[in-house]
Structures are given as C-alpha cells and as structure tokens.
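Participant: Protein chains in written order, with our numbering: chain A, 1 to 123; chain B, 1 to 164.
Just so you know, these hints were derived from the structure itself, not from any lab.
Hints are not guaranteed to be accurate.
[To be verified] Below, in silico cross-link-like pairs of lysine to aspartate or glutamate (DMTMM-like), each with a Cα-Cα straight-line distance of 25 Å or less: (1) Lys-52(B) - Glu-97(B); (2) Lys-103(A) - Asp-47(B); (3) Lys-50(A) - Glu-152(B).
Because the structure is a prediction, the values reported are computed rather than measured.
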Amino acid sequence: MWKSFMAAVLLTSSAAAHELTPTYPEFKPHIVDGVYYAKLHMWNRREDVKYYGISVHDAEWNKIPFHSKHKIMKLEHLEHLDFEVNIRKSDLDRIEFICTTSKHLKSDVTGTGVRSRICSRIK
Amino acid sequence: MFRTILTLGAIGLATTGAWATEIGGSVSSKCSVFTDTTGVYGNPTADELSTKAADGGIDAKVRYDVTLANKYTAKISWPTSFTTSPTLSDAVNWDGETKYSAGTVTAMSGYEAAKTEYNEHTEFALSQAGSTWFTIESEAKYGSNKAFPGGEYKAMVTAICVAN
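The following block holds chain B by itself, in its conformation from the complex (with noise of 0.2 Å):
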C-alpha cells in the first residue's frame, strides 16, 4: 500500500516536472535620495568660503533614484546660515548654484535647461525615471570684506523629493 503511494507519488511529480514555484513582486514608485558627495569649503581670500573646486573646495553632490517618472519633484537649497562658526560681528551674505550634474537616461539632460529657480532653492521635474545626481556649489562672503575668523564652519545643503 506505501509502495503504491510512493510510485503514485513519484509519477504525479515526473509528469508534472516539479513543484511549481512562484517569485512575486511590484513596482511603485519611491524616490530615495543618496548623499553623493559632502561639500567642503575652500577659503581662496580671507572674506571668502567656497565650495568651488578653483576656489580649492568641493561641490556638494547629491543622487535622486525614482522608480516611475512623473511622481516626484526635486527641491535642492543651498544654505543660507552656518550651522557650525565661530562667532560672527557681521552679516555673511551667501550664494550659491544647484545644476543638473548626470543622470541614467539621456533625456534626463533637459533638467538642467526646464529647472526653476527662486531664492535659494531648485526645483527639478522629475519626469524620468532612473538616478539623477545634482551638484549644489555655495559660497559665503562676510561683510565690508572682513576677514572671516578662524574656526571651523559647516553649513547644511537641504535635498527634498516631494510627491507630486
């Protein structure tokens, strides 16, 4: 009677090859955003910090990955404020520049040209779906061409990717 079982057994799996298994999943969309690269600031005259590679700094990069196109915009700032200095008598008056820098898909290149700029911030359409990475330049320059005092200064780059 076993035997049987066993043979019926064997024979139900020869004909139908194995076990069926199956590998689920979806796609929907998120936008996780990867910090690339921290800025450093240079300091090429003494009322100056820059993050511009001839000013001996380093660009701020940032990645935005999106799963579907269409879902997502872009928000970088440059900062306005130090969030680490030594004390400061007067106003630092800050500038800065957020470009399109690569991305993974080639029409993604039109960011750069379709961006919106006010203030301090970008606003970039995420109409592509893919990576996308962003380079944020800053600059800091203390009033009436005074001296910057020395000590360390950080300053924070904010990159928000808000739903459409």
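Next comes chain A alone, as it looks inside the complex (with noise of 0.2 Å):
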C-alpha cells in the first residue's frame, strides 16, 4: 500500500522547475564606459524546456535594450548558466525587471503546456 503510494507520488511530482537568482541583482559600472553590468544564475531543471529568453523591462513592463551574451540561452536538464545584463548607463534609473522565460518547441508541448518566467527585481 505504502509503496503504490509512494510511486504514485513520484510519477505525479517530477522535478521539473525553472529557476532564476538573485531576487534583486544589482548593476556595477562595467569595464567599457557608460555600460554597467548584472550577473545572474539560471538553473534548468525542466526536462522538457532547452531555451529560456532574456528580457529586460522598466516598471510598465516595457522592454529595454539590453546587451548578453546569451539573449536565447540553451541549457540542457539540471544545467547551471552564469549570464551577464549589460544596459546603458542612461537605462539604470527605469530598469525594474529582468526576467527569464522558457522557449518551447511546437513538437514539444503536449495538451496545455507552461510557459515559466521568473523576474528579478532591481531596487
């Protein structure tokens, strides 16, 4: 009985999360004047989502120009990614959010699937 139930909770709660830190990154002066600079962590722990977006927004959720490395990043199940958010100086002052959010396949989506965002805060 124990072991039905036990297996049965581990067919319906698979490890399946998105997840982005820091809550509230902070933006430091970058090498290259008039840029400055936010590092976060994303660690995929979908197993049906490969490719999450960057997007940057002000408190309106408007979207600002932003520069990374990896503006589409490709991360495999349980793959941990440092990224940078390079902004103008002349943004820093309505930059709210940055959020991250999961990229799906067509072929991949079965039934209803979700889509995650996570955002940070910048205070």
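Build the complex: two chains, separate frames, hints provided.
Facilitator: Set out below in structure tokens:
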C-alpha cells in the first residue's frame, strides 16, 4: 500500500523547475565606459525545456534594450549557467525587472504546456 | 627530533579533539516554478475543448517554491490562443480559472480568497515560505456552435514569478 502510494507520488511530482537568482541583482559599472552590468544565475530543472529567453523591463513592463551573450540560452536538463546583462547608463534608473522565460518547441508541447517566467527585481 | 615533532603533533590533535570543519551556508530569497501536470484537453461536445475532469480533460497544475515569505508574487494566466491547431475560420471564445490547490503551510489556504483576477490573469501574493500548488482550468468554445475541425490542439499556460 505504502509502496504504491510512494510510486504514485514520484510519478506525479517530477522535478521540472525553472530557477533564476538572485532575487535582487545589482548593476555595477562595466569596464566599458557608459555600460553597467548585472550577474545572474539560471538553473534548468525542466526536462521539457532547453531554451530560455532573457528580457529587461521597466516598471510598466515596457522592454528596455540590453546586451547579453545569451539572449536565448540553451540549457540542458539540470544545467547551471551564469550570465551577464549589460545596459546603458542612461537606462539604469528605469530598469525594474530582468526576466527569463521558457521557450518551447512546438513539437515538445503536449496538450496545455506551461510557459514559465521568473523576474528578478532591481531595487 | 622527528619523533619529538610527531609526538607533539599527536598530543596537539588529542587535546584539540580533531580538525574543525566548518559548514557554511545562507538562505536567500528564491522562487522556483515547477510544472507539476501539463494539462490535457477533453472534447465533451463538438464545439468545446476543456481541461475539466468532468469534460474528460486534465487541468494543468504548477507549483511555486519560495524560500522567503513576501518576496514574490505569482501571476498565472490561462491560454487565450492555440499554439498548435488546424486552420480555424471562426473565432474561439476562451475562458478559464486559476485556483489555489494545496500548500505546505496551512496559512496558504488564504491565497484563494486573497487572489486578484483580471482578464486571463490571476495574481497571488506569496506571503508564506514553502511550496504552493495552483490548478489552471482552460476552456475553448468555437464560434456559433461550430464543430472544431479535426486535428491536434495545444495551448500554453503562463506561470510567472515576479520579485516584489
């Protein structure tokens, strides 16, 4: 009985998470004049997703231009990735959120898929 | 000489007990979004697709894990378009509901009464640390009681975790 219960729990609670840290990243002056950077970390625990997109927004969720080596990141299941987001000094005061959003291949979605997005906040 | 050093070393170890090994760590705020169950559409009538169990479907379920209370808000949206479908010549009317399902802390049951709904979005203030499960129901009705054309239908639920 207990074994059957545990088997059912394991089958229905697969580790499939999307994680972005830190919650409150800080922008620091870049070696390049007029550019600021923030360091973030991604951990892909979603087996069904390999790609994540980065976006930067103001308080009204308008997109703000940024540069990153990984605008679309490819992360295998359980892979970690440190990445940098570079912005112009003139945008520093209006940046509110840095988000990563799961990107799904049409062939990978079954029924209703789940698009996950995590947003860190600049304080 | 060498023996004396060894002996002194052994005495030193004996008096201090052993080498001290420190384990360090810190708890910082973090949000993880888990896909617990990907939903499945049932087709109770020719013009309707629904994830309700009563309609032969399976609701999508997501889990949010937060390590510190009051640091994040969960924003969950039911679908308003298909990501995959046959060519549709008429409009699709979308409906849905996001509900608190379960939590690791008793106080989380208050999330349902405190939720904010607008359009397809539902927001929950994650005021407790721990795991919370939310169920997302989705319904699609084809315009003017027309039958949905045969083929594959897929849609996306969006689960967002925003730092406060």
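Participant: Check the structure against each numbered hint from earlier and tell me which ones fail, lowest number first.
Facilitator: Checked against the structure, the only hint that fails is number 2, while the rest are satisfied.
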